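Visitor: Model the full assembly from the supplied sequences, consistent with the hints where possible.
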Amino acid sequence: MTIPATPLVEMLAISRQFPGVKALDGVNFTLMAGEVHVLFGENGAGKSTLISILAGVYRPTSGVVRINGAAVDFASVKDSRDAGIGAVFQEFSLVPTLTVAENIYLGNEPLSGPLINRRAMRRDAQRLFDDLGFAIDVTRSVMSLSRAEQQMVEIAKAFQANARILILDEPTASLTERETERLFEIIASARARGVGIIYISHRIHEFAAMADRITVLRDGKLIGTVGARELSETALVEMMTGRSIDQIYPHIARAEKPEVVLSLRGLRAWGVSGVDLDVRSGEVLGIAGLVGSGKSRTFRAVIGLNQISSGTVSFHGRDITGAAPPQLIGQGIFYLPSDRKAEGLLLAASGRDNIAVSMLNRRDTGGLFGLRSFSKVRALTDEVGRRVDLSRAFLDRAVSKLSGGNQQKVLFGKGFGADYDLYILDEPTVGVDMGTRAALYRLIKQIAEAGKAVVVISSDLPEVMNLAHRLVVFSHGRISAELERPQISEQAVLKAFFQFERQSA
352 MTIPATPLVE
362 MLAISRQFPG
372 VKALDGVNFT
382 LMAGEVHVLF
392 GENGAGKSTL
402 ISILAGVYRP
412 TSGVVRINGA
422 AVDFASVKDS
432 RDAGIGAVFQ
442 EFSLVPTLTV
452 AENIYLGNEP
462 LSGPLINRRA
472 MRRDAQRLFD
482 DLGFAIDVTR
492 SVMSLSRAEQ
502 QMVEIAKAFQ
512 ANARILILDE
522 PTASLTERET
532 ERLFEIIASA
542 RARGVGIIYI
552 SHRIHEFAAM
562 ADRITVLRDG
572 KLIGTVGARE
582 LSETALVEMM
592 TGRSIDQIYP
602 HIARAEKPEV
612 VLSLRGLRAW
622 GVSGVDLDVR
632 SGEVLGIAGL
642 VGSGKSRTFR
652 AVIGLNQISS
662 GTVSFHGRDI
672 TGAAPPQLIG
682 QGIFYLPSDR
692 KAEGLLLAAS
702 GRDNIAVSML
712 NRRDTGGLFG
722 LRSFSKVRAL
732 TDEVGRRVDL
742 SRAFLDRAVS
752 KLSGGNQQKV
762 LFGKGFGADY
772 DLYILDEPTV
782 GVDMGTRAAL
792 YRLIKQIAEA
802 GKAVVVISSD
812 LPEVMNLAHR
822 LVVFSHGRIS
832 AELERPQISE
842 QAVLKAFFQF
852 ERQSA
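Adding 351 to a residue's 1-based position in the sequence shown gives its number in my numbering.
Simulated from the structure, these hints should not be mistaken for lab results.
This one's a predicted model, so the numbers in the text were calculated from it and none came from an experiment.
Some hints could be false.
Below, in silico cross-link-like pairs of lysine-lysine (BS3-like), each with a Cα-Cα straight-line distance of 25 Å or less [unchecked claim]: (1) Lys752 <-> Lys572; (2) Lys373 <-> Lys572; (3) Lys373 <-> Lys752; (4) Lys608 <-> Lys796; (5) Lys692 <-> Lys752.
Guide: Next up, the structure:
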């Protein structure tokens with residue numbers, strides 16, 4: 352007779368009550384040794400609360416947590432770590448002024464007598480990154496890293512602790528295909544050592560590559576737990592949302608006679624080595640490439656966030672090379688940054704106030720004595736809220752209190768605060784669930800079909816391939832391929848990731 356193995360983690364009838372909100376309602380969850388168990392659900396479904404309880408951030412209002420069969424009651428994150436639990440949260444916990452090595456060993460620095468052995472710390476940290484296959488100089492400060500590189504540092508921190516239980520919350524949100532494949536190899540190695548892994552992602556196509564079971568949450572309740580290969584993507588989405596989603600990616604009509612809106616000629620900047628590119632009205636231009644390829648840096652230079660060393664940028668035929676961001680915004684360019692919290696949103700302000708900031712130069716918001724009319728601004732922000740599917744309750748709540756998906760809707764809402772001709776969207780769906788993604792894709796469809804030029808920069812290959820009318824691939828600061836809709840394929844894009852010279856479609 353086979354004796355069933357004791358679960359590595361057992362969470363029984365877990366509930367968690369916040370003021371006015373029941374985030375979890377009697378949820379059961381188990382994790383076996385050597386298993387990758389996916390937590391799946393929309394933003395606000397309760398996933399983050401459940402893993403926060405296991406990580407020692409919160410205590411459950413009711414319910415029992417067991418580790419290897421023994422009941423535990425974590426009073427702090429340290430208690431959880433001491434029990435062998437490592438976590439990589441969607442919101443990074445890095446100290447930006449410290450180096451990569453210092454962040455990896457923060458609180459656990461190698462000593463030489465009473466002093467920190469910095470040479471050993473740098474050596475061991477570099478060995479860790481080399482073993483993980485992440486090309487990062489550990490002497491760099493975290494503030495100098497891209498978001499994808501910071502994500503790699505967070506992942507390395509978790510693996511450095513040799514945890515028996517790993518929690519990975521959206522670990523591939525800013526990684527490209529190559530880094531993601533390497534992470535899956537690392538996960539497979541950890542699973543072979545008996546490590547239990549809780550994996551949270553909205554990228555359904557990842558599940559088949561590494562998951563054993565999937566637990567679906569909705570509105571704080573357990574919907575069900577299934578084998579990773581038992582349900583189709585469509586069935587999982589319907590299980591998650593409680594409604595049928597026939598098509599995630601909408602058909603976007605392309606303008607019959609698109610006109611060049613933005614033109615780059617010989618553009619050179621940090622990480623950009625001579626880019627020639629035209630962006631046209633009424634079409635979606637997809638931008639793909641590995642981390643460090645120059646795909647985001649090119650458009651950060653265009654919008655004035657990175658300095659241009661040579662070359663020209665023209666908008667509607669006017670030279671805007673080196674213009675400051677406020678000037679470019681005033682001329683009709685909207686930029687949605689990849690890091691909504693660091694660059695896109697005022698976290699302490701409400702969603703309504705964040706959207707209202709984009710309306711300050713609108714003439715139709717004027718009131719007496721040259722001041723803004725509160726009633727007019729409120730009416731306009733209500734209209735934007737309806738357009739991006741944000742209720743008044745969410746509009747009036749502090750952005751820091753909103754889910755990631757609703758924060759992203761606020762960020763999109765800023766793009767409707769004024770009339771723009773060009774929308775540059777950098778990682779437009781990072782860290783949001785499939786239902787919210789479908790809603791944001793419909794907004795992109797509306798923008799493009801209204802005759803606006805849309806640039807979608809994305810590390811999510813299915814996303815950029817399905818949305819783009821034309822797809823440009825970057826490699827080592829240059830364009831390696833430009834593909835029209837009939838030629839866009841995963842094979843063609845992946846091949847171009849590792850090339851240096853532009854090829855014709």
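Visitor: Decide, hint by hint, whether the structure agrees.
Guide: Hints, verified against the model:
| no. | hint | result |
| --- | --- | --- |
| 1 | Lys752 <-> Lys572 | 20 Å, holds |
| 2 | Lys373 <-> Lys572 | 10 Å, holds |
| 3 | Lys373 <-> Lys752 | 15 Å, holds |
| 4 | Lys608 <-> Lys796 | 17 Å, holds |
| 5 | Lys692 <-> Lys752 | 12 Å, holds |
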